[in-house]
Amino acid sequence: MAGNIRAWLVGLALALAAERCLAVRDAAWISSLGRTPESAQASADAGNGNFGTERSFPRGLKPTFAGYVNVSHDGSSIYYAYYESSSRCGEDVGEAPIVLWLQGGPGCASTFGGHYELGPWSVESDLGVTRNPGAWNRIFALLLVDQPVGSGYSVAANGSASIPTDELGMAGHLYAALQGFFARHRELQERPLIITGESYAGKYVPSIAHYILQVTDQQPDARAAQEGGAAQGPDAPEQEPGAAAAALVLAALERASATPKPAATQAASTATSTAASTAQPPALRALRALPRGLPKPLFRLSGLAVGNGLTDPRAQTQTLAAAAFYAGLLPPALRDEVAGRAAVVVNLIDEGQWVAAHTEREALRAFITNATGIATMFDTRRTEEYDPTKAVDRFLNLPEVKEMMRARPDVVYASCSDAVRKAMSGDVMRSVKALFPDILRRLPVLLYQGQYDILDGVASVTSWVSALAWDEAAEFNQQKGALWYLGGDDDATVRAARLCKRPQPRAPDQGHVPAGWRRSHGRLTHAVVYRAGHMVPHDQPLAAQQLLEDWVLTALD
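Residues -23 to -1, 1 to 534 in mature numbering (1 follows the signal peptide of the UniProt record, and there is no 0) are what the sequence shown spells out, letter by letter.
In short, the hints are calculated from the structure, not lab data. Don't take each hint at face value.
What the hints assert, rightly or not - Listed next, the in silico SDA-like pairs over lysine to any residue satisfying Cα-Cα at most 25 Å (straight line): (1) K379 to E61; (2) K367 to E377; (3) K367 to A352; (4) K457 to A352.
To be verified - Simulated restraints on C-beta separations: (5) D387 to A446: 29 to 35 Å; (6) A340 to N454: 32 to 38 Å; (7) A340 to V389: 27 to 33 Å; (8) S102 to Q456: 26 to 32 Å; (9) R358 to G458: 52 to 58 Å; (10) G136 to N374: 17 to 23 Å.
Every residue, glycine too, gets a C-beta built ideally from N, C-alpha and C.
Take the sequences, apply the hints, and build the full model.
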């Protein structure tokens, strides 16, 4: 595997040298979308979502593949958009990793991040699009999945009744969607899959990863899934491969839901008590209700990365007073008041009053924002929220854009769904920290935060990471860490050549500006990105891109 990756990297560097793929925000092509509507007809095969001839859209704006996978017997479906590596330069991408991006919320769509943070093109306030120099599909492929159902372009067939209410339900739907996608595109199955996300994806990412690890450890009762999702039984009707693979997951979930549970296990599936949601292992505690008999993954899970994540709300809520105080935003008296309000939230968590705890935490956020006068706790420098004009929502609701994205025309796109947020309100304050010891035994993990986020930033994430009981915790906590530096040349050819050699970060005497600080031990890396807030890929696109690329290629070596 390592040899294949090295060979791919060498080929990548040569291809980049020949084509000089863009890595700077050059004089951007500005689309006329929303100002002079044009036809954007794109032929697509109903089965696989392949697009035909490009017309009015710039190269790379259209997904390589896009479509829906049914994830529920009620007809609910999850939307995906896949962007192949832009650096293939006409060559076979071979072993190029695939990066799955999950947005937070709960209820925010990954297609928002794909058009505001890390996709190949960024939507501007006038609905033009500008090439993104920090695109995450520069040398990797990028997979966007709008989930849970009801988010973005995805469909909750029966409204709120179709939306999962916890991490186990979310993971079941997402696993079905991934199985459907990779069955539909078998040529991608052997490429490493890196699951990444931001904010509330600090719960999504470890939850789906842990779910996948458990399924991998099970003996599947549907071997046909390994062959691309063949229908069950000799007399079963033929199905499109993606639908068939997802159906195998749904069948296992349905069998599990029909099986009577002992009274002791009929409580909420992600955690039955405060102890279960906050305690350290035994292993497999937080998702112990995972159904048996799920088909084996059709993909190769190879690592996780989370930016500014909410993972352990109990510990993270207790950092808010200090984070605001040491950012120079609160006097001592107000700091103490914030700490007192945070203690109320913690008490509600300890009592298992999940919805009340969430309500109090939201009230605490509003109090801090009003008391300090900042626009958002996500970035203390900002004078307005991220995407204040809702440009991404307006852009992705344009009929010609929906057609280009192969989204259902009847879906009203919203970057964040109120219905999903409400449905999952009882899940928000539950911890998934207990999943990480299992994960770190098997997979590399990157946790990164923007410097100016005082909600889910450095202090917040460090609070639970420092208390995490995993095999190499003592050694990790002793690491001093070091500054890391952004490469001095924006040319993609130079970046690719540097990645192939994997040198240490460049020394400051070479004139490069520190991009952040990081420490690493075993399979865990913790990084801080300077001059960034909650949405690191938006605030520091080149630094985020370099951080991800270096970490992935090192982890896969």
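Hints versus structure:
1. K379 to E61: Status holds; Cα separation ~19 Å.
2. K367 to E377: 18 Å, holds
3. K367 to A352: At roughly 16 Å apart (the allowed maximum being 25 Å), A352 and K367 satisfy the hint.
4. K457 to A352: With a Cα-Cα distance of about 33 Å, the restraint between K457 and A352 is violated, given a limit of 25 Å.
5. D387 to A446: 29 to 35 Å: Given about 49 Å between the Cβ atoms, the range is violated.
6. A340 to N454: 32 to 38 Å: 33 Å, holds
7. A340 to V389: 27 to 33 Å: Hint holds: Cβ distance 29 Å, inside 27 to 33 Å.
8. S102 to Q456: 26 to 32 Å: 42 Å, violated
9. R358 to G458: 52 to 58 Å: Violated, at about 24 Å.
10. G136 to N374: 17 to 23 Å: Because 20 Å falls inside the window, the suggested range holds.
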